[in-house]
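Q: Below, each chain spelled out in residue letters.
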Amino acid sequence: MNLYSIALNNLLRRKARMLLILCGLVAGITAAVALFMIVESMRLSLGNQIDEFGANLIIVPRSEGMEISYGNTQISRVSIDYEQLVEADLQKITEIPDYNSINVVSPKMVASVKAGDKEALLVGIEPRQEFIMKPWFSLGDHAGLTTGDRPVDLALIELPEDSLIIGSEAARALGLGVGEIVQINGASFKISGVLNPLGSVEDGLLFGNLTAVQTLLGRPGEISMIEISAYCNACPVEEIAAQLSAALPNGRVTALRQAALLREETIDRFSAFSILLAVIFLSVAALLVLTTMMAAVHERTREIGIFRALGFRSSHVMQIIFMEAGLIGLLGGLFGYITGSLAARSVGPYLTGISSPIFWQADLLLPAVILSALIAVTAAAYPALRAAKLDPVEALRFI
Amino acid sequence: MPDLLINLDNITKTYNSAGVSVAALRGISLDILRGQAVAVMGQSGSGKSTLLSVIGGLNPPTEGKILIDDIDLYGLSRERRADFRREYLGFVFQQFQLIPYLTALENVLLPLTTTRYPGRQKREMAMQALQRVKMDQKQGRLPNQLSGGEQERVAIARAVVNEPPLILADEPTGSLDTKTALEIMELFSSLNEAGLTILMVTHNPDNTAYMNRTITMQDGSLFEESKTATAPKQRAAAFCGGSGQLL
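So the protein lines, in turn, are chains A and B.
Numbering (my numbering) for the first sequence: 1 to 399.
Numbering (my numbering) for the second sequence: 1 to 247.
These aren't lab readings, by the way, just hints derived from the structure by calculation.
Heads up, a few of these hints could be off.
[Said to hold, decoys possible] List of simulated lysine-lysine pairs, DSSO-like, C-alpha gap at most 30 Å:
no., chain 1, residue 1, chain 2, residue 2
1, B, Lys65, A, Lys15
2, A, Lys190, A, Lys114
3, A, Lys389, B, Lys65
4, A, Lys389, A, Lys15
Based on the provided sequences and hints, a complete structural model is requested.
A: Printed below as a string of structure tokens:
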């Protein structure tokens, strides 16, 4: 017989009250766990989607002087003094500590050329890397790049060295179509495909094989820029940028923060909203514990008076109340974790439209149990204090 | 020299309610020797329950000093007074006041809960106390599975389990039938014969026959004091029409 067994006996005796508090805590913890799991899942899912949505790191030669642009990126070309990027630099990228976080490395040679009698921007690419990085590219029309009726998967094509894939706007401006031949700086290239309109700068570009473009321009092994797509759910993109800068002193590394910021901002909003909801649920649970424990203390005035008369200190009475709250809290945390996980797994995908499954997070169990117990004990503090301060004589008059 | 256990020196207790002062105890001075069985009689509102709570360390007097075993009771802090109650006092309340969700044994164990005795020793002490009141066979029963007399016995076992020198009893037979009340009073008498000091508040004049001292209160003051000289069994015979059969 000890204080713990008194607390346990009382809980077992007042099952309805215990269940009421338990339900409140379970509801609060369920909401918190479910929201946390859903938000984490969204963070991963959204992060992956955004990370896959093109490059988030650009490396260009470190240079002084005039520059031309490709999209939002400055491409050094006309310069007074600049250091070049070369294909050997690609090897250095593989040696950075966070290379595992890098998904795609797409080197490019960009140059202004004469296409027929018009100026155009020619981009030499490694087709697989480029099209894996930019999965939204699709061919509207093509020739010799596929067999049968299957749509061409750009990420799988082998682009012949004498072939080009051109943007829809370039095709219109140059008056070129699939299968036609275009003279670029005196060399003949066949138009193997025309991209569907993208609404971006790529609509006006000509894409050729990197090696062929380097040869055409008389700059073998040289690279104008390197686009990198990094999975950064587990690492800050700035950290990878720093590692790349250290590995490539001849390059200027720019982290495209828009994507990262957009992702962070979106997820932060989800997180803030879910935290707010969880706090509301947990506050309601705490309030329920508080009011129920207050009622319990009032109901047990006589009992507390007897305890005090029999030599229990105020601290002993408080311990009993805290133990009761703590025990319910532990149970609430356990059940809340289970129901929260089930709720997240069952309704989470419907609520959020996430296609990827939500996995059990065993590492949430301990925090859930501790949080629940902490809320219960904190909410029981005032009732416990009231119980401890009960005047034994007043309590015994209750008899 | 008599062995003084309780010394009340000019105890006054005044309650203030809605600006009105009510004197529950008016300058009471009283000595109780170790081993005495004292009945406190008086009408409702005479102050006898207040006197009991003041001596029990539950209700600080407005004025005056109480020494129990030479310890200034209200010179102790609130928490130390709780320790004092656990060590020195055994309470028997009106209506038994057992904790309903604890078994008879667990109820008896309550005063030992916060002591440092090993668990096994606590259990042995509780079982001995239950044997003393002949309730050891019903140790596992909850209060609602016991009769009124049995509950009273468990309450007495709870009061004596930590072997305190002083038992304070508030109307212990108030809710019992005559036969059961006699049994309980006989039990108190045997405890007193075993050396325990008993201070009992009672309305029932018959109970005073089991005490060796009776004080009567009126309007918060000691009104009258008498001593009983007869032996308990003779007194019992008087209650049982001369048969002397109590049980």
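Q: Each hint needs a verdict: does it hold in this structure or not?
A: Right, here's what the structure says about each hint:
1. B/Lys65 - A/Lys15: violated (46 Å)
2. A/Lys190 - A/Lys114: holds (15 Å)
3. A/Lys389 - B/Lys65: holds (24 Å)
4. A/Lys389 - A/Lys15: Answer holds: lysine 389 of chain A to lysine 15 of chain A is near 26 Å, not above 30 Å.
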